[in-house]
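Visitor: Read off the chains here:
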Amino acid sequence: METIFFYLVALVTVVSGYLVVRCQSPVNSGLALVNTFFCLAIFYVMLYAPFMAAIQVIVYAGAIMVLILFVIMLLNLGTEARKRYTHGVVWAAIASLLVLLNLVFFVKRGRVTGAEGDITSSLIMTEGHTELIGKALYTDFLLPFEIASVLLLVAIVGAVVLAKKDV
Amino acid sequence: MSVYHYLTVSAILFALGTYGVLTRRNAIVIFMCIELMLNSVNLTFIALSRHLNSLDGQIFVFFVMTVAAAEAAVGLALMIAFFRNRETIDVDQINLLKW
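Protein sequences, first through last, are from chains A and B. For the first sequence, numbering that gives the first Met the number 0 gives the first residue as 0, with consecutive numbering after it. For the second sequence, numbering that gives the first Met the number 0 gives the first residue as 0, with consecutive numbering after it.
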């Protein structure tokens, strides 16, 4: 059952990823990208990471994609949809095929090892995923967390300065 | 499902994103393809962190999302500024730094 579900979601993910790349109108690409984000959120739930699935839906599908769709609307890009919308298809296809072969080769031939942690799925079920993430963020990763907040502040100021007509 | 299945899906998504970045002419669609690649890497991180019973990969995904949000804000502001100057965001027209 889980296998069938996995393959179904994987199929939808890959097809909507393909639509992101191939759709002529940027709005259609954006909606296909939202679909991909939802499928990835389903994958995160299947991997016992419900908090990550929630912020995938809220931050990516909610905030970032709405921002992108607003900019598409503001720039009124629908009018130039008739023109040629790609370039260098052959070389790009060869390059991305090489990337794919490379990645699949390493996934098939390699073996995943590493230092095993102690966060088992039963611990996630009893303790709660959000609590575990919060504990890790505010103890081991406190400095990166603070730096991320500074980065967001810089991004807000930078976006306002860049988008203003005259500074 | 083993971790290899998730890694394969992630590899396919990454290759699709590469193809989109290299072929599309609209800068916003290129931006969306970059988001697709970032998301495929996020899937890799979460699959591996689940496989290794560790939480560090998921914390890293958290920071990748933060950087993606910052990138979205600054990148879209750049596109608006460019559109105001040149009336287009076609990357074939944005060629002043090309050799």
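Any given hint might turn out to be false.
[What the hints assert, rightly or not] Partial selection, computed: residues in chain B whose CB lies under 10 angstroms from chain A:
no., residue
1, Ile11
2, Asn52
3, Asp55
4, Ile93
5, Trp98
[As the list claims (entries may be wrong)] Some, not all, of what chain A presents toward chain B, calculated at C-beta under 8 angstroms:
no., residue
6, Val19
7, Thr35
8, Ala60
Keep in mind the hints are simulated off the structure, nothing from the lab. Keep in mind that this is a model prediction, so the values were computed, not measured. Beta carbons: idealized from backbone N, C-alpha and C, even for Gly.
Visitor: Does each hint fit the structure? Answer for all of them.
Guide: Here's how the hints hold up against the structure:
Contact between Ile11 of chain B and chain A, as hinted, is supported at the beta carbon level, the nearest pair being about 5 angstroms apart and thus within 10 angstroms. Against a cut-off of 10 angstroms between C-beta atoms, the interface hint on Asn52 of chain B holds, since the closest Cβ of chain A lies about 5 angstroms away. Using the Cβ-Cβ criterion of 10 angstroms, the hint placing Asp55 of chain B at the interface with chain A is satisfied: the shortest such distance is roughly 7 angstroms. Taking 10 angstroms as the C-beta contact cut-off toward chain A, the hint placing Ile93 of chain B at the interface is violated, the least distance being around 13 angstroms.
The beta carbon of Trp98 of chain B is not positioned within 10 angstroms of any beta carbon in chain A (closest approach about 16 angstroms), and the interface hint is therefore violated. Of the supplied interface hints, the one on Val19 of chain A holds, with its beta-carbon coming within about 6 angstroms of a beta-carbon of chain B, less than 8 angstroms. Annotation: Thr35 of chain A was flagged as interfacial toward chain B, and the flag holds, the nearest CB pair being 7 angstroms apart, inside 8 angstroms. At a threshold of 8 angstroms, the smallest CB-CB gap from Ala60 of chain A to chain B is about 11 angstroms, leaving the interface hint violated.
Hints 4, 5 and 8 from the earlier list are contradicted by this structure; the remaining hints agree with it.
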